[in-house]
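Undergrad: Each chain, letter by letter, is given below.
Number of protein chains: 2
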Amino acid sequence: MSQPNIKSTIFDNIRIVLCQTSHPGNIGSTARAMKTMGFKNLYLVQPDKYPNAQATAMAAGADDVLDNAIVTQTLSEALVGCAFSIGLSARKRYLSHETVNAREAALQANKIVASQPVAFVFGTEMSGLTNAELDCCQMLAMIPANPEYSSLNLAMAVQLVCYELRMTILNGALEPTSNQTNGDAPTGEPLATNDELERFYTHLEETLLHIGYLNPNAPKKLFERMRRLYSRARLEKEEVNLLRGVLTLTQAPRKHTKY
Amino acid sequence: MSQPNIKSTIFDNIRIVLCQTSHPGNIGSTARAMKTMGFKNLYLVQPDKYPNAQATAMAAGADDVLDNAIVTQTLSEALVGCAFSIGLSARKRYLSHETVNAREAALQANKIVASQPVAFVFGTEMSGLTNAELDCCQMLAMIPANPEYSSLNLAMAVQLVCYELRMTILNGALEPTSNQTNGDAPTGEPLATNDELERFYTHLEETLLHIGYLNPNAPKKLFERMRRLYSRARLEKEEVNLLRGVLTLTQAPRKHTKY
Numbered sequence: 001m002s003q004p005n006i007k008s009t010i011f012d013n014i015r016i017v018l019c020q021t022s023h024p025g026n027i028g029s030t031a032r033a034m035k036t037m038g039f040k041n042l043y044l045v046q047p048d049k050y051p052n053a054q055a056t057a058m059a060a061g062a063d064d065v066l067d068n069a070i071v072t073q074t075l076s077e078a079l080v081g082c083a084f085s086i087g088l089s090a091r092k093r094y095l096s097h098e099t100v101n102a103r104e105a106a107l108q109a110n111k112i113v114a115s116q117p118v119a120f121v122f123g124t125e126m127s128g129l130t131n132a133e134l135d136c137c138q139m140l141a142m143i144p145a146n147p148e149y150s151s152l153n154l155a156m157a158v159q160l161v162c163y164e165l166r167m168t169i170l171n172g173a174l175e176p177t178s179n180q181t182n183g184d185a186p187t188g189e190p191l192a193t194n195d196e197l198e199r200f201y202t203h204l205e206e207t208l209l210h211i212g213y214l215n216p217n218a219p220k221k222l223f224e225r226m227r228r229l230y231s232r233a234r235l236e237k238e239e240v241n242l243l244r245g246v247l248t249l250t251q252a253p254r255k256h257t258k259y
Numbered sequence: 001m002s003q004p005n006i007k008s009t010i011f012d013n014i015r016i017v018l019c020q021t022s023h024p025g026n027i028g029s030t031a032r033a034m035k036t037m038g039f040k041n042l043y044l045v046q047p048d049k050y051p052n053a054q055a056t057a058m059a060a061g062a063d064d065v066l067d068n069a070i071v072t073q074t075l076s077e078a079l080v081g082c083a084f085s086i087g088l089s090a091r092k093r094y095l096s097h098e099t100v101n102a103r104e105a106a107l108q109a110n111k112i113v114a115s116q117p118v119a120f121v122f123g124t125e126m127s128g129l130t131n132a133e134l135d136c137c138q139m140l141a142m143i144p145a146n147p148e149y150s151s152l153n154l155a156m157a158v159q160l161v162c163y164e165l166r167m168t169i170l171n172g173a174l175e176p177t178s179n180q181t182n183g184d185a186p187t188g189e190p191l192a193t194n195d196e197l198e199r200f201y202t203h204l205e206e207t208l209l210h211i212g213y214l215n216p217n218a219p220k221k222l223f224e225r226m227r228r229l230y231s232r233a234r235l236e237k238e239e240v241n242l243l244r245g246v247l248t249l250t251q252a253p254r255k256h257t258k259y
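Chains as they are written, first to last, in our numbering: chain A, 1 to 259; chain B, 1 to 259.
The hints are simulated quantities; they were obtained by calculation from the structure and are not laboratory data.
Do not rely on the hints blindly, as some may be mistaken.
No copy is singled out in the list; a pair is fine if it fits within one copy or between any two copies.
[Claimed, not checked] Derived SDA-like pairs (lysine to any residue); straight-line CA-CA distance at most 25 Å:
| id | residue 1 | residue 2 |
| --- | --- | --- |
| 1 | K40 | E148 |
| 2 | K220 | P24 |
| 3 | K7 | A90 |
| 4 | K237 | Q54 |
| 5 | K7 | P147 |
| 6 | K49 | S127 |
| 7 | K7 | A233 |
| 8 | K7 | P24 |
| 9 | K221 | L243 |
| 10 | K40 | R91 |
| 11 | K7 | H210 |
| 12 | K49 | E98 |
| 13 | K40 | A173 |
| 14 | K237 | G212 |
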């Protein structure tokens, strides 16, 4: 679960805390969800049944996360050393807690985790966090959901939060690198250069005139649409070669007309 | 599952397509994940076991989504009417598919769903989408994950994608309001639907065989590159008509060979 060095501390400074979880399967799924996003610190406050075979089964290849989970009797114990704790809630609470969406919560956490641990705290499957548990948190986070059916599975909620954290920490990169950049991942295939494209367009125009598709007296408008279409595709060098192969054959005398 | 009127069409224009799912429980969890984010159109391509009690159990209160799921024999059938299809992949493919992260995919989809359906396509639990299935998609989306353990559960992946869609459509709002605005304005030009594209590809393949570009004994590999190139361009309806006009003329006996 190593990340590039510069980032590993950050990932290790995230703590996922589950309070009084009823279904051990959810603990296993949580371990898996965490590990897929690169996190490993799981705290279980008074879990109903743990350790448990169902938890292990649901963890799939994330049994290391499960094996290293720390069980505590109180939420306060689970939060020792944390600089900031964010409670997850499926419903609005009429308290004075600052409430943000999960993305904003991840952004806030990311400002802290470079130097200090941050906890995300999840309540029971049935009723979420108690008010006493919420009082241990400095911020409340909600996952935007369908108001008519907002019952996300517990491990799903953990997955979404861990995903938002990973997106924030690594700037949305598909794979972590030492010099993260935003934007599109390069496919690795070299794109055609501008002059190669121009030669292709010339070849295309000739061919379309040759087969009688373009009107030689007013070829422009239709041809411009064609250019636009191909330019949108951001053609690779090799693709330009393929297309020009087609054009060459289109112009060549056809075998079946030879005889 | 109603959304404010202005947005309900948008939510209804999202289609989640699961290909050859092995575990019926994942189908149920997918239905639940979709409904929590406000989506309801589920397509199942050759599911292993469906309908199935385990699917129903995992759907919890989302059995309406499950009951209305449409089962098809091929991916093409499931994509009929879609203007854009995005395939989910856990691993890099060394093909020329445009590959973006799930957030970017949701942004791209959001430009289209106001007027036309968009599909997100998920492969089997074990091996993901086949290359043939990927060829039905115009874009590839990856969920950034731990490179050492990237095995997200299928329903978790659906949850993340639906979450990103909801975040994009409703601008991250915790609750939908009636005056949400989209980020990008639609371009206005209707895109070709999946079935229109398939007819174009058939026409293209015929033509390339006709002019001797494709080897009739091994037409596949070269043609797949062609498909990918055009699918990247996200062809408009009218552009498909233009291109098919070219193909028709390419196959027609040419005037200069008549004499």
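Undergrad: Each hint needs a verdict: does it hold in this structure or not?
TA: Here is what the structure says about each hint:
no. : hint        : result
1   : K40 - E148  : between (33 Å within a copy, 13 Å between copies)
2   : K220 - P24  : neither (34 Å within a copy, 49 Å between copies)
3   : K7 - A90    : between (30 Å within a copy, 22 Å between copies)
4   : K237 - Q54  : neither (42 Å within a copy, 50 Å between copies)
5   : K7 - P147   : between (36 Å within a copy, 14 Å between copies)
6   : K49 - S127  : within (18 Å within a copy, 33 Å between copies)
7   : K7 - A233   : neither (27 Å within a copy, 30 Å between copies)
8   : K7 - P24    : neither (31 Å within a copy, 38 Å between copies)
9   : K221 - L243 : both (21 Å within a copy, 14 Å between copies)
10  : K40 - R91   : between (27 Å within a copy, 22 Å between copies)
11  : K7 - H210   : neither (47 Å within a copy, 49 Å between copies)
12  : K49 - E98   : neither (33 Å within a copy, 46 Å between copies)
13  : K40 - A173  : within (20 Å within a copy, 30 Å between copies)
14  : K237 - G212 : between (27 Å within a copy, 22 Å between copies)
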